[in-house]
Amino acid sequence: MYPPPRAASTRPVPVATKLAAAPVSSPDQAVTALAAVDMVHDGAKITLRLLDATGATVARQGSVTVTGVPGDAHVLVTPVFAPGSAIVSLVLAITVPVGKHVVRKGHPHTGHPVPRVATAWRSHHALAYFDQRSGAMTGPFHLSDEPSLALSTAAANGSDLLLWTTREPQPDDPAAIRAQASLSRLSVFPLGSGKARLSTSAPAPWPGGEPVVTLPTGDVARLVRGRHVQVCSARTGEVTELEIPALRQGRAKPSAVTMQARPDGTVFMTKPGAGVAVLADAADSFRTKTHIQFPVPASPLGAPWSKAVLSPAGETMYVLGPAATGGLCAYHMGSGKLAASYSEGRQYHGLYQLPSGALLAVRPENPRLAFFSADLSPLGTADTNLHVSAIY
Amino acid sequence: MTGYDTAGRIQNTYVSAHREFGANPSFWIRYFTPSPAADLFHEAAVAESRGAWDSGGPYVGCISAPRQSRLSGSAAEGHADAQAFAAALLTAYHAVRPLLLPANGQLYCWLDQEYSTSLSSSYWNAWASYLADYNFAGLGTYPLYPCLYCAPYSPYPNCSTIAKSPGVNKPVAVWSSTPEPCGSLTRPPRWNAAHCAVIPTRLWQFGEQGVCNLSANVDLDVGAPGFAMASYCFRLKYRP
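Residue numbers (the numbering used here), protein chains in the order written: chain B, -6 to 385; chain S, 32 to 271.
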């Protein structure tokens, strides 16, 4: 049984509550960042906790208060690790009510107008920085990007934070502005600064949820449209778009897409809804080195989003089994061929490889957690009343 | 009334779908930001609308499929996702001149909750209230109505979350992804959609491409008896 039977009955120990957003792992997976927001008398207090991933203990923490934020505001916090730097950036999307009005909205069944109070909102962004060495938090630095969509995309290298934002379209925008509405903005901030050293239009699509990684060169790649990689020069902001041919295939059902930078400079991308995974060479225009095709699993879109993982040595890819049979499959990266499979009829919805090398498969029904060895031998299962959205 | 949902391009899909089913769909449901495949309509709204018109189903419904782990998250996440969804709808509305709001003033806006995804009250209430309060295009008619696509019998909260939601946050309709008996556009199964206790199921995805081995890049949907899904979609007045 893995973990030991005693672990299955151990009660979970909360390490943070009121999370403002999903946790974020450092590029080396050694640290997990948790950001929480508490509304206090003079604004919104944002607390960043950095967990040691192996012990799940709080290694560092710091906080910053955004003053003047009303109690009914929404503050979205995105922690951003910077490879090669001790600075963790916090991108804050601050959305505040700007007006409450009595409006008349049609009743959904009768269509008759019914008076109700509607709230209008405006968003802008701010930055803060946490130094893991000193424990000091600097900021917040408010950006003059209102009205903006709260959703953004951010990545950092050893010297800069790259931030994609989108202006919120307004009903009364003139035609010339409407024509620009699909354009986003890329701004580059020196780590620790609230002033962009570079700000330029960014090509579509809008930021928000797409995978993004920092490359060894310091440039940043984001995987967009489920099939294109946009490589952004951190120095100039110039964007080069490349298509990954193997990811071109689409299906009726949309798919989760993932992208992971590996220590050897390759990038591992998955599109389970199309039954495709790709290992690409980032230093060679994202040339496909290995392309694996596998049967589409039953849940290519639902949580957790991790449906396929690459072993640390890069020799084996593990993926959820086909929709028809469930279970797990392993593919040899060198040949692209199926190396092993296991199914006891259960459909799993997420798959992770733990630091020990064991595989953890997740499903909504109990037992929600199933552990396997690297050769897909079942090690044991565990029930939990937790709703598993992701594993860190 | 039957129609399609798809993450493929309408203009590249409707011919093969017509070849497979021999009939025109009544509507298309499309993915809008934040979603995988949202770029298809967002970056090519006119071409997509021409595809819908040419398919004989000039009605475009709207769904958003944010990264699914967010749905169990905070109000700030729900609010941000709804804000982007509404902005994407407005951008499409402005980009396609003959794209009109439904004549009844009710544009159903679906949140995609997959079977293995948990939906928190914080996320749902913020998502739903933002859309319900959105002064679309400054018209003053507040035509966005939050709705939920889900598998009602999933072990994770979906129906229980929306049942607790207050006022306009309560969805107008559920679109059920289960069961999946398959069928065709012209011969859908007898109405047997899974349902929640409080909110009516008005749309049923009875056949997914992968499950039903459909060759066209479409999933099949049918409205509840007496419910016309097309009446709650964007409608094209003429070919753009």
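Because the hints were derived from the structure by calculation, they are not lab data. Virtual Cβ for every residue (Gly too), placed ideally from N, Cα, C. Careful, some of the hints might be misleading.
Ranges of calculated distance between the beta carbons of each label pair, as one might list FRET restraints [unchecked claim]:
#: 1; chain 1: B; residue 1: A52; chain 2: S; residue 2: V46; range: 53 to 59 Å
#: 2; chain 1: B; residue 1: G77; chain 2: S; residue 2: Y269; range: 52 to 58 Å
#: 3; chain 1: B; residue 1: D65; chain 2: S; residue 2: R218; range: 48 to 54 Å
#: 4; chain 1: B; residue 1: V51; chain 2: S; residue 2: N55; range: 16 to 22 Å
#: 5; chain 1: B; residue 1: S334; chain 2: S; residue 2: R218; range: 34 to 40 Å
#: 6; chain 1: S; residue 1: P186; chain 2: B; residue 2: E231; range: 43 to 49 Å
#: 7; chain 1: B; residue 1: L379; chain 2: S; residue 2: V46; range: 44 to 50 Å
#: 8; chain 1: S; residue 1: P197; chain 2: B; residue 2: T281; range: 34 to 40 Å
#: 9; chain 1: S; residue 1: N244; chain 2: B; residue 2: D45; range: 44 to 50 Å
#: 10; chain 1: S; residue 1: T217; chain 2: B; residue 2: A197; range: 52 to 58 Å
Now for the hints, and whether the structure bears them out:
1. A52(B) / V46(S): 53 to 59 Å: Holds: the Cβ-Cβ distance is about 58 Å, inside 53 to 59 Å.
2. G77(B) / Y269(S): 52 to 58 Å: 56 Å, holds
3. D65(B) / R218(S): 48 to 54 Å: Between D65(B) and R218(S), where Cβ atoms are some 51 Å apart, the hint holds.
4. V51(B) / N55(S): 16 to 22 Å: Violated, since V51(B) and N55(S) (Cβ atoms, about 59 Å apart) do not stay within the stated range.
5. S334(B) / R218(S): 34 to 40 Å: At 36 Å between Cβs, range holds.
6. P186(S) / E231(B): 43 to 49 Å: Since the Cβ atoms of P186(S) and E231(B) sit about 48 Å apart, the hinted range of 43 to 49 Å holds.
7. L379(B) / V46(S): 44 to 50 Å: 47 Å, holds
8. P197(S) / T281(B): 34 to 40 Å: 51 Å, violated
9. N244(S) / D45(B): 44 to 50 Å: Given range 44 to 50 Å: holds, Cβ gap about 48 Å.
10. T217(S) / A197(B): 52 to 58 Å: Given a distance of about 37 Å, which is not inside 52 to 58 Å, the answer is violated.
Violated hints, listed in ascending order, are 4, 8, 10; each of the other numbered hints is respected by the structure.
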